[in-house]
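The lines below spell out each chain.
Protein chains: 4
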Amino acid sequence: MSLRPARQEPIAGLYEPVTPAGHAVLDRLRGYLPLIRSTAAEHDRAGTFPTGTFDTFRKEGMLGATVPTELGGMGLDRLYDVAVAILAVAQADASTALALHMQFSRGLTLGYEWRHGGPAARALAERLLRAMVAGDAVVCSGIKDHHSAVTTLTPDGSGGWLLSGRKTLVSAGPVGTHFVINAQTDGTGEPPRLASPVVTRDNPGLSVLDNWDGLGMRASGTVDIVFDNCPIPASDVLMRDPVGARNDAALAGQTVSSIAMLAIYVGVAQAAYDLTVAALARRPEPPQAAAQTLVADAGSRLYALRATASTALATIDVLNTDTSMDPGERGRQMMRPFQHAKMMVNQLAPSIVSDCLTLVGGAAFTAGHPLARCYRDVRAGGFMQPYTYVDAVDFLSSQAFGIDRDNNYMSHWAIRARSQGSATAESPSKLLSR
Amino acid sequence: MSLRPARQEPIAGLYEPVTPAGHAVLDRLRGYLPLIRSTAAEHDRAGTFPTGTFDTFRKEGMLGATVPTELGGMGLDRLYDVAVAILAVAQADASTALALHMQFSRGLTLGYEWRHGGPAARALAERLLRAMVAGDAVVCSGIKDHHSAVTTLTPDGSGGWLLSGRKTLVSAGPVGTHFVINAQTDGTGEPPRLASPVVTRDNPGLSVLDNWDGLGMRASGTVDIVFDNCPIPASDVLMRDPVGARNDAALAGQTVSSIAMLAIYVGVAQAAYDLTVAALARRPEPPQAAAQTLVADAGSRLYALRATASTALATIDVLNTDTSMDPGERGRQMMRPFQHAKMMVNQLAPSIVSDCLTLVGGAAFTAGHPLARCYRDVRAGGFMQPYTYVDAVDFLSSQAFGIDRDNNYMSHWAIRARSQGSATAESPSKLLSR
Amino acid sequence: MSLRPARQEPIAGLYEPVTPAGHAVLDRLRGYLPLIRSTAAEHDRAGTFPTGTFDTFRKEGMLGATVPTELGGMGLDRLYDVAVAILAVAQADASTALALHMQFSRGLTLGYEWRHGGPAARALAERLLRAMVAGDAVVCSGIKDHHSAVTTLTPDGSGGWLLSGRKTLVSAGPVGTHFVINAQTDGTGEPPRLASPVVTRDNPGLSVLDNWDGLGMRASGTVDIVFDNCPIPASDVLMRDPVGARNDAALAGQTVSSIAMLAIYVGVAQAAYDLTVAALARRPEPPQAAAQTLVADAGSRLYALRATASTALATIDVLNTDTSMDPGERGRQMMRPFQHAKMMVNQLAPSIVSDCLTLVGGAAFTAGHPLARCYRDVRAGGFMQPYTYVDAVDFLSSQAFGIDRDNNYMSHWAIRARSQGSATAESPSKLLSR
Amino acid sequence: MSLRPARQEPIAGLYEPVTPAGHAVLDRLRGYLPLIRSTAAEHDRAGTFPTGTFDTFRKEGMLGATVPTELGGMGLDRLYDVAVAILAVAQADASTALALHMQFSRGLTLGYEWRHGGPAARALAERLLRAMVAGDAVVCSGIKDHHSAVTTLTPDGSGGWLLSGRKTLVSAGPVGTHFVINAQTDGTGEPPRLASPVVTRDNPGLSVLDNWDGLGMRASGTVDIVFDNCPIPASDVLMRDPVGARNDAALAGQTVSSIAMLAIYVGVAQAAYDLTVAALARRPEPPQAAAQTLVADAGSRLYALRATASTALATIDVLNTDTSMDPGERGRQMMRPFQHAKMMVNQLAPSIVSDCLTLVGGAAFTAGHPLARCYRDVRAGGFMQPYTYVDAVDFLSSQAFGIDRDNNYMSHWAIRARSQGSATAESPSKLLSR
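Protein chains in written order, with my numbering: chain A, 1 to 434; chain B, 1 to 434; chain C, 1 to 434; chain D, 1 to 434.
Since the hints were made in silico from the structure, they are not lab data. Among the clues, some could well be false.
The list cannot tell twin chains apart, which means a pair is met if one copy fits it or any two copies do.
Said to hold, decoys possible - The list that follows gives simulated cross-link-like pairs (lysine to any residue, SDA-like), each with its CA atoms no further than 20 angstroms apart:
1) LYS144 with THR69
2) LYS59 with GLY31
3) LYS59 with VAL133
4) LYS144 with GLY189
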């Protein structure tokens, strides 16, 4: 498959996909946009997940968009094109885009396991990927521990594991059928390592809470899930590095998992801008001086926003297919542009939305106004991992100055959790009540 | 009464009142802060007005804070001290501060009518002011017409008036007993003029809607009110300038009415900053590099925010007592620093709050988190009159370049409404249904 | 020639050329960088033009870099690659990059005349292009009239023209052999039109002043030139649109002429950043918190700067080869991304340089420090045509709101000059004395 | 003396002095402004010190402006009023304001020694102060060591000292008669302490270099001075704390010494703004949309700039006269608002000046244009001590989080210099050659 688009277009600005698979996915998604748009306000208000939309996605194979064609998926494998698709959805509803990104992202990372992993990982990945295509799997991801618990795998004594702990901020949780979780082993026998168990919805120890009530992204179903001695077969655990390994190779997967989320905030900013220009153009009076200035300024920031995100995506797509590099160096080379772009997205997108509120005026300050939703949703970008702003400064400045440090935020968290001796002693039933 | 504080303190930063009345009002308000703070979250969530708090205010004479002592009030007459009081309330709850400001502001402007108006105006003002002290009046203000109607006074044929139209964004509406409304006469007999009728809650043609559902300021009861041929005696109408009079003297009253609202946003920013620094100081790890930088930067912006608002308030207090100047020049000299300060407040306060969210992290992105409320509330500052950002640019640039124009935004609106021929023909019963 | 780079790299960030010609030109320019770098400070201080460098460029065929291969040039025809080359030079010296850009830009626009013009234009273009390759021509461009004169062509009565007037801000003037000038005909016989006469250095009426003394770009030889009845044969005049034609097709050529200049400011910012990071990395103490934060922030802005400029360049390169579009629409589609990118470049590049001064500290505040030069040079970006910030707001907001206006700034100037009735009556000898 | 101005004006905005002494000094300075203004451009270009202006200042007693009246001075003792005076001078020429501030600042700090010091300090201070009044003394201050040397006092064996080292950035050096230097003792006998020897111009070991060549502030004579075993009698040394004492009391004097310098940058911004508005108002066309917006925005930032600086000054004036507080707490309470204000000044003032260049256009980019000078001069604010931006973040964040550290930057430097073992071994004759 060629990087080159058919029509001599540059890979720039996230305006059009660059692969046939990208075009195919976008075309199909466009069919769902009226539905997504028409239910966005009510789900936002109620804080409910658009289960109907996701049922349709499941039934119509949409969740297999990024699954390799060999496994029956649509074969979308370019981050740039994933972003173009997510951007289109985000213009209709940012929450839906966030939840859908989760699936697209899982397709990409499980696809990587399927192509490059060991036999056990490949088998597990294939199973999940085929289920996504069949509409039998909505695969969620749980990264961040609730402050009260370190999510830990303990050997069950017969070759399997028991998983306990609590994850927070698991998007699409209400419809999730499988949860790929970031955990650590308890250190029995060998030093603790990072690991990714896959927990199915019907696991007897699993509880999916209904506790999402966000400032924004209210329809994203970003709930907590609690594990109370969930039995996990060894074949359902992807083993990672030992805690504290300082292996920057992990940054590649983290980048691939998350970078296309930037398109959510690009989409929100674009939607806000379009709506605002249209509203002002409808007014009988010509735009006042400051309205002209703000529209030109905000339009330029929107241009830079698209350019910056798209440049990072295009660069990382190239690195993503280059397996000849040193894995650590490749990880850092992927994470750096991602973080540079993320910093700018989280600065530019909210500023564009805020200027749009200024331009539209008081009407935009009512709870149900589309711009009010944009104002709340766009702020989520600053909280996405990796990294938060504060962590990104540590990463980027250490890269600039050549200072050695552990760049794997999951490893960081694991070490910090251990040093603070938190919560594994707490019984999960207690955790449930919070 | 002296401009000088007792303790040789400069009039700076809105840290302390500068008059005994200011101290007295602030001391009493401090007693209510625990109540205000404890109910803020639930009123914000439900979008309900803190009627209980205002009942207490009413019964305990708090609504007479700015009523002259001669009429039984507490005699607070310095805008600077009004702002200090409002700031304290806003740190607990911005919505309550906005609704309370409405009363304090009415005390000031009615006090001015009582001191400087003609006999009819003085009588009307005294009546309202005494009622505020007695706890019998919550006086609301209706400035902005709903887009569907020009609020108009038509002669009733026997010396009185009939009022029809609709006002939007009337804060404290749910508990309002009197509504001082910005209207225009219909031009029968003489050219249309601006006028301020006072409508009592029990007027047969008055409907107070329950339609506030804001992005922020959700507990401020900022509703619409509809007038359907409300009979208004001539004695209850304060007559202003003809529409289009270009009388900049009106800017003085507009400044006095609104400038202390800046303190709401200062209070929100201060509350966000305090909460954030406390949260970070509690963490076991030392603050990371970017956290140190953001705290220092945001703290400096907070300092500038307080300094800028307080400087404008102190300057305007001096002009407010100087009746020797040309009234138009005085109006412009008061409006300019107000607008300069307002522009900066609406830039600095939201940026401080946003940085606080960044520092506190994902927890701040839940709907009920105090910072999430700050994030929504602080954005209201851009929509307060006079002026919006876009209008402020027109005003300030014309002042800088010496370009003559009509600076009275109410007059502007009246002219525009007339030229667009809107809505007086629409029946109020139709208006009610929107 | 393919848009695709050899190594699967995306067209992104202005890191590498995308065509073989781009690589060839960059490789040769790299050989000159030590010379350029080593003389930059002294030319900056003295305000002198690097004549030696340009002599070398001329002799070694460098001025034919963008001349079509059919005419003996190096055939560089992609704006993206022109920008990559200019960026590399600007990292060594911004003034040299500005003067060299002038030549590269002339090669492109004259190449367009040679390919698409009428017979007379083609002959003129070919003559100049071959002279550039041979090292016999340094072709300068004069756009902006001195405030004292409207540069005007008057018929000489025998089929040729007489040119009088004065141009300001003509870069590389000290070594210019040919001057392509923006003028207007005097309206004798037919309505005035825009026209581009080519004036040779030896024209008896031409004076090249030695009057450049810039805040920055001090080695760019950006002088005034005065025309005192210069005889110009008809064959040396490229005729354009009538004044006031509102022909947006002209925007295409204006974009091609100027957009690669953005790379100058990208280069200055990159040079400042590299120098600063290196200086801090050499210090014995680890970087303080704010240094870490600023380096991460400035690095991210630098990333966005490169991404934004490169995205605009890549987009415009595609439009530049697409002659199937409506010419007016093509002009607007090229100018919009150029202006969006220019706005951001002029905001981001100076902010990066200023942060670098902060990081390096007091040493950077001495006149000869490389960062002090960057600080002065980078500010030039705001003054480059088209457009200034103020004009760009008019253009971009009218595009956003669909407001029709004359977007050709040269036409604007011509109309304004006429309406103010300036200066054609003034004798050029008077002009010389200013 | 009262804090209250005569005309009921608030202490706000640095528009008018608040004390009679302030009015007297400002009135006299106004008489010199035409001279200062008329020679500013030529001194800027040549990088020469306005010796003539300072000769006049000296002869006419201007250098005694802040000397107590008891010693024959004009008795200006309010920082606010010092700032008002410096601001007026800075509007004419920032370099002159910087050099004059040095004298005003010395009057204040020596006045403090005279009032509150021990007998030796009082005698020394009185001698210098009387000489300032008489026009016999121009007292300069040398704070920052050249990177090559730690300025050190070594006992001369007979009760006096020998001073060696090199100071950089000593403003008004060309006309300095006395140099109050920050040094440390060499640690013979007792631990090293900070000390302030006073070196007279005729000291045999003193060399005043002629090496200032700044990016801006080019007429400020900010040179290096070298000490080669200068004999200093014990009576000419003010002894301070031991190195590393962590005595925050020192912050009070550092604040008093430096805060009024903020007015320099306020003055530059005001001058740039005034000049720009006047230039635009003269143009025949009405201002374009972006010009209106920028003028309103920049005017608002200028308002905030004045408000922020004036609030810090007024606050610190109160603390300055309050000797009842804990000295360390007083030091911190003075330094905090100073640093908050300084951060904002260094952000707001350059942004105003840059917008002015944008508004005026290309003419402002010539070396001799007043705005070009403003652009270079205003950037100096970031390099003034205490603190630089990076150090200010350390100070302010540690104050916010309650983290204990050494806040005395001179002590910091002394410790760092010792730990890096620099340069005391180098012979001063070597130092001279750099």
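Hint numbers contradicted by this structure
Hints 1 and 4 contradicted; others consistent.
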